[in-house]
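Chains as they are written, first to last, in my numbering: chain W, 1 to 330; chain B, 1001 to 1348; chain V, 2001 to 2366.
One or more of the hints may lead you astray.
[What the hints assert, rightly or not] Cβ pair distances, simulated, as ranges: (1) 84/W - 2088/V: 46 to 56 Å; (2) 244/W - 2014/V: 29 to 39 Å; (3) 1329/B - 168/W: 29 to 39 Å.
[As the list claims (entries may be wrong)] To be clear about the criterion: a stretch of chain W counts as covered by chain B if any three or more of its residues have a C-beta under 8 Å from a C-beta of chain B, and this derived list gives those stretches: (4) 93 to 107; (5) 139 to 151; (6) 303 to 316.
Honestly, the hints are just simulated from the structure, not real lab data.
Quick reminder that beta carbons are idealized off the backbone N, C-alpha and C, glycines included.
Residues per chain are reported as follows:
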Amino acid sequence: MVNPLNQAAQFGYRTAFGLFEVPMAGAQRLIGIGRIAWLFLLPNLVIFGLFTFLPIILNFFYATTGSDAILLSQRPYVGAENFASLLSCDNYLDPNSCRRDIFWRAIYNTSWFVVLQVGFMILFSLLTALILNRDIPFRGFFRGVFFYPVLLSPVVVALIWKWILQRYGVLNAGLEGVGLPTVNWLISADWAFFWVIFVSIWAHMGFYTLILLAGLQAIPSDVYEAAEMDGASRWRVFSRITMPLLMPTMVVVLVLSLIRAVQAFDEIFVLTGGGPGTATTLILQYIYETGFASRPQLFGLAAAASILMAVVLLVLTLLQLRATRSQAEG
Amino acid sequence: MVWSFISRTRGRNRFDLTDWLTWGYLIFGILLMFGPVLWVAMSSFKTDAALSEYPPTFLPLSPQTVIVEGYDEPLPLYEITGGEYEGRTLAQIRRIGLNAQMVDPQNPGERLNVSINDREPAREFSVAWGNYTQLFERFNFMQYFWNSAFITVVATIITVIFNSMAAFALAKYKFRGRTVVFLLIIATLMIPPTINLVPIYLVVNELGIVNSPWGVIWPAVATPTGVFLLRQYMLTIPDDLLDAARMDHASEWRVYWRIVLPLAAPAIAVLVIFSVMWRWNEFLWPLIVLTRSEEFTLQLALNAFQGDLQTSWSGLLAMTVLTLLPITIIFALLQKNITAGIAQSGVK
Amino acid sequence: MAVVELEKLVKDYAGFRAIHGVDLTIEDGQFCVFVGPSGCGKSTLLRMIAGLEDISGGELRIDGERVNEQRAAERGLAMVFQSYALYPHMTVRENLAFGLENIRTPKDEIRRRVDDAARMLQIEEHMQRRPKQLSGGQRQRVAIGRAVVREPKVFLFDEPLSNLDAELRVVMRGEIASLHRRLGNTMIYVTHDQVEAMTMADKIVVLKLGTIQQVGSPLDLYNRPANQFVAGFIGSPRMNFLKMSVAETRAESIVVKEENGRSFEAAVSPEGVKAGDKVTVGIRPEHLEIGSERGHPVTIDSIEQLGGESYLYCTDAGGNPVTIHKSGQTRHRAGEEAQVFLPAESIHVFKEDGAALERLRIGEAV
Chain W
1 MVNPLNQAAQ FGYRTAFGLF EVPMAGAQRL IGIGRIAWLF LLPNLVIFGL
51 FTFLPIILNF FYATTGSDAI LLSQRPYVGA ENFASLLSCD NYLDPNSCRR
101 DIFWRAIYNT SWFVVLQVGF MILFSLLTAL ILNRDIPFRG FFRGVFFYPV
151 LLSPVVVALI WKWILQRYGV LNAGLEGVGL PTVNWLISAD WAFFWVIFVS
201 IWAHMGFYTL ILLAGLQAIP SDVYEAAEMD GASRWRVFSR ITMPLLMPTM
251 VVVLVLSLIR AVQAFDEIFV LTGGGPGTAT TLILQYIYET GFASRPQLFG
301 LAAAASILMA VVLLVLTLLQ LRATRSQAEG
Chain B
1001 MVWSFISRTR GRNRFDLTDW LTWGYLIFGI LLMFGPVLWV AMSSFKTDAA
1051 LSEYPPTFLP LSPQTVIVEG YDEPLPLYEI TGGEYEGRTL AQIRRIGLNA
1101 QMVDPQNPGE RLNVSINDRE PAREFSVAWG NYTQLFERFN FMQYFWNSAF
1151 ITVVATIITV IFNSMAAFAL AKYKFRGRTV VFLLIIATLM IPPTINLVPI
1201 YLVVNELGIV NSPWGVIWPA VATPTGVFLL RQYMLTIPDD LLDAARMDHA
1251 SEWRVYWRIV LPLAAPAIAV LVIFSVMWRW NEFLWPLIVL TRSEEFTLQL
1301 ALNAFQGDLQ TSWSGLLAMT VLTLLPITII FALLQKNITA GIAQSGVK
Chain V
2001 MAVVELEKLV KDYAGFRAIH GVDLTIEDGQ FCVFVGPSGC GKSTLLRMIA
2051 GLEDISGGEL RIDGERVNEQ RAAERGLAMV FQSYALYPHM TVRENLAFGL
2101 ENIRTPKDEI RRRVDDAARM LQIEEHMQRR PKQLSGGQRQ RVAIGRAVVR
2151 EPKVFLFDEP LSNLDAELRV VMRGEIASLH RRLGNTMIYV THDQVEAMTM
2201 ADKIVVLKLG TIQQVGSPLD LYNRPANQFV AGFIGSPRMN FLKMSVAETR
2251 AESIVVKEEN GRSFEAAVSP EGVKAGDKVT VGIRPEHLEI GSERGHPVTI
2301 DSIEQLGGES YLYCTDAGGN PVTIHKSGQT RHRAGEEAQV FLPAESIHVF
2351 KEDGAALERL RIGEAV
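The whole structure should be built from the sequences, with the hints applied where relevant.
Laid out in structure tokens, this is it:
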């Protein structure tokens, strides 16, 4: 069964790549072996250029122009008006006092989301990693257990929990069964926010658990034995040996999950649509709706908001690069 | 004596408190991680009637109905759990307040009164395959599946080719401007696509690939992480091999696809897995680019399936199960490899 | 006082028994070395004493008190690990202080003990450094210092010198020996190197596959090995073994003969053997005399001359290797035929089961 498939794949591979032999060899004669590297880099660089670098520059053009036209030539220059519009607030702590109140609502929601989701997720990931690090049978299986939700698509994740959280869904049925009060979970603003955080943790903690587990297993076991001979209590072993040695990995996990949390969108959008009202609208959803889902499509505002978000992400990414480097050394 | 007994609790053979907590946590973990998917799978096999039942049953049980002589519509069947008719199975004609008017299906002439507390719906195991078949007949499932598959496969192939070519250039050549390119690619790491949504849309629009799978495929085929991953691995391929091939009159392109690519297979495998997972699950960008429902990917279709007013859960649940089935099967088979691979590359 | 007693100590792993009922007493202040080939269970035994491995059967007593159920730290022991096991993120000072902090020793007491240990082991200038900035020998000293600081009843060493290069090993051997002289604690030391055992031990315990082969002082083991295994393990180069049979037994010796008829008198007790029994004759390379007429014929394969001593590697008629160690230089050449004489007082005789016959007159070693 495998062989004909194998042969077909080989054949396809050879023909496809073989096609390019003549032009590439010709190019090589033309520009020389020293410069052929550029030819190999070309496709990637074109994509980067078209879809990453050019857009960053265009972003600034969009941010400084108005109207709902998509072509830049049709957009009137408005200077910093979009930014000013976004950033004008009477009281920065009260979203309702802002001109672009939904934007500030999104900032407010995103901030809370990032702090709570990352905080609790790292806590649970650490706890799970510590437990998985113990001498348990079927450790490989349990690693997989917690990692499974990570593989599911965010849409599937959201729909699964939406079904469970229905007014007449299984969670409420269970609560009623033990005599506890039921709630229409996704209709209540506070509970919707809770579940958005919960579902997000459920869907991603397995990934970070694995990274922390790898960090824990990198600690040589004879260090623990020495600590045992040194009479260290379990708490002291954890606080004076495990945690300090795990710290570089923790920092990497922290920054990675912060970067992801700031850009959270998929699960939340499908689960609550940003609601009820704007209770669970985060910044990326604001950008999406402003620029694409609502009419008129306010590209200028969306671009301006994107740039603001980019600044935050840039800081976090720089932290991540530093953190990864120190983890590799430590 | 007493002291040695007290100090015995920390022994390694004994099951102490932390062991109980550990196992409790792990079992709770299994329930929490697998339970929801299992529940959705179970629910997807329920008929619409069973789905609207509250509280829901675990297995797909559907309330039975029976045709009784003298009545046009099938009547719901109940088991009587109390009162004078206890133990019998009766059909209900109508319910008036706390009383149910019922008949024995074999003896339709006689009307019996039963208190509603004394009856329980008679259920039978009823698997609603129709939920699934309707996806293919009415809801165009194969079209969405094809869209997703096309995008995933094509994007992964292009990603592997472009990224491996770039990695090859960076790993095996010294050329002027190499550092600049390096810095450019690192810079790309700092620019997640989410901040460029608007201008990328313009570019895609201008290229005429809005509302087509190519609009989803092209923007993200050049990933900096992919380039670095492959480059890292290619550095370990001995330069002697390439020099030997060059001495054998191989062009650089030949060296690339006859020697370097096959040898880089393990790293490419990792890239393929990441790419497939990511592309299959992609949501935001397809949401922006694809507006005609024929072009929808599976994820978009799932999302659109939730109607504004009435969500047809029977169809939605079935589609959800089908969407998560492939990855679940792959997971069950390759679980050890996946988790080991993630752990390794995560640390890097 | 720190007397360590092992009574019928057993260690089982799933499916197999690693330690088969070991009985041993280590007196206070003794330097006791566990030695044996890899897999003999010496590290397992040490770790059971330390408390890092559970005891499957039998009793372990320290100063008369049963400690089977006590945790490692409570037994009053300190261990120096083969890989040093220093805390990589702590400075040397913190590494030394950690154990004392755990039992809440007052700060000035900690400081005093740490400084004393540092001075004793000459690591004072490294106190603020991290382990990865130190050399192997320095790390070894810190590991020893960590044990010293705890002022334990018994010191345990798990092959501490195997990760050091040969020259450093000799230096550290001497330092550990002088540490023992200075502190006087009971020390239990595990090694696979019989030279370390011979030079450092008051008492050597030879182990093989989880059982004790022999316990005794170094010279005891050299002069009176209890069986063929111990005889072959102790002494370098290894003892030569030749297969012979008993020709006759006398009052205070026996005569052994080889296949070709040549016979030699061995100064061992005839108890346990009779004429015709097959035996293995053992003789150390340094006790063989080369050159006399009536001897065991060998062909010299190769010669190593170190100037002050020579090694002659030969093969006998039966194809057995015979090694000769001779002080000074030799006129012999490779390829020559020679005769080696086996002096009666230097012959060991081992029965078919490996047990040694008692030696009655022990010759002076070369």
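Could you tell me which of the hints above the structure violates, numbers in ascending order?
4
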